[in-house]
Every structure is written in C-alpha cells, then in structure tokens.
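> Sequence:
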Amino acid sequence: MDILAGMKLEKLDKSLVDANEALAGKIVGIYFSAHWCGPCRNFTPVLKDFYEEVQDDFEIVFASSDQSESDLKNYMEECHGNWYYIPFGNDAEEKLSTKYDVSTIPTLIFLKPDGTEVTRYGRKDVEVGRKNPKEIVAKCLK
1 MDILAGMKLE
11 KLDKSLVDAN
21 EALAGKIVGI
31 YFSAHWCGPC
41 RNFTPVLKDF
51 YEEVQDDFEI
61 VFASSDQSES
71 DLKNYMEECH
81 GNWYYIPFGN
91 DAEEKLSTKY
101 DVSTIPTLIF
111 LKPDGTEVTR
121 YGRKDVEVGR
131 KNPKEIVAKC
141 LK
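Each residue of the sequence shown is one higher than the one before, counting from 1 in the numbering used here.
Quick caveat, the hints were computed from the structure, so don't treat them as lab data. Think of the CB as a built atom: it goes at the ideal place given N, C-alpha and C, for glycine as much as any other residue. Any given hint might turn out to be false.
[Said to hold, decoys possible] Keeping only pairs whose Cα atoms sit at most 25 Å apart, straight-line, the calculated SDA-like set for lysine to any residue is:
{"no.": "1", "residue 1": "99", "residue 2": "25"}
{"no.": "2", "residue 1": "124", "residue 2": "56"}
{"no.": "3", "residue 1": "112", "residue 2": "21"}
{"no.": "4", "residue 1": "8", "residue 2": "117"}
{"no.": "5", "residue 1": "142", "residue 2": "120"}
{"no.": "6", "residue 1": "26", "residue 2": "128"}
{"no.": "7", "residue 1": "48", "residue 2": "101"}
{"no.": "8", "residue 1": "95", "residue 2": "5"}
{"no.": "9", "residue 1": "73", "residue 2": "15"}
[Said to hold, decoys possible] If you anchor each label on the Cβ, the simulated ranges turn out as follows:
{"no.": "10", "residue 1": "103", "residue 2": "138", "range": "25 to 31 Å"}
{"no.": "11", "residue 1": "71", "residue 2": "116", "range": "29 to 35 Å"}
{"no.": "12", "residue 1": "17", "residue 2": "89", "range": "17 to 23 Å"}
{"no.": "13", "residue 1": "67", "residue 2": "138", "range": "36 to 42 Å"}
{"no.": "14", "residue 1": "115", "residue 2": "68", "range": "25 to 31 Å"}
{"no.": "15", "residue 1": "71", "residue 2": "114", "range": "30 to 36 Å"}
{"no.": "16", "residue 1": "71", "residue 2": "141", "range": "30 to 36 Å"}
{"no.": "17", "residue 1": "52", "residue 2": "141", "range": "16 to 22 Å"}
{"no.": "18", "residue 1": "128", "residue 2": "24", "range": "27 to 33 Å"}
{"no.": "19", "residue 1": "46", "residue 2": "91", "range": "26 to 32 Å"}
{"no.": "20", "residue 1": "114", "residue 2": "56", "range": "16 to 22 Å"}
Whole structure, please, built from the sequences with the hints as guidance.
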C-alpha cells in the first residue's frame, strides 16, 4: 500500500514495525473510527472478536479520528484488539480517508495483500458474517 509504504505502525505495547513487513501477505482492514463515536464503540468489540478468529491471515490498521493521542490510546486500551494503528498526527490517516472517500465512521475497508480494494463495506461483512470470519477473509483472496 503506497500510502503506508515505509511508515512505522504502532501497537499499544509501543512496538513499532514497518508497515510493509507487518502487512505482507495479509488481507488488511483499514478501520476508520474514534472513541467519541457511539456506533464505533458498538462495532469495535465485534471487530475485535472477528480479528481474534482470523489474525493469522488478516491485519487491521486503525486510522483514528480522535482529537488527541491520549483519546486514541484510551480507546485502543478499552476495546480494541491487538492490532496496529497509525501513530497520532501522521498524515497517512487523512490520505487514506481521502483515497477511500470515507465520509462516516465507523468504516472498515478490506484490501488484498497487493493493496487492491476488496470492499468498502467491511463493517457490514463483519456484522453479518460474525459466525464465520474465516470465510469472509477467504473470499477476499479470490
């Protein structure tokens, strides 16, 4: 993914990893969300459960719309999975939001390992397919 190429992604344990390395060979979900968003707070635990089922083949990159780094980290600690996030203040979030025309949150966009968009409606797919997350990820590879 060009926008994230060469960038360091972070996890709550403060570990940093090169985006290309972290996402190589995986289906990627770009998750646009924020702690202040009620629908986001309802969906995030559902996404966490989904992620725990498919994390070997699937990775999430959280693109936060939070207003502060502490809000972002508090939200991550409260209910997110152990997935990557774009460090606060990095313009990659805005670039991704523009590229994928994100106008509302929560939005979850699925990308193939080569960066090709699979769907902009990943949230719906996750909510509908809660019982079989592996099937959803397998469809993304086709």
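> What hints, given by number in increasing order, does this structure fail?
none
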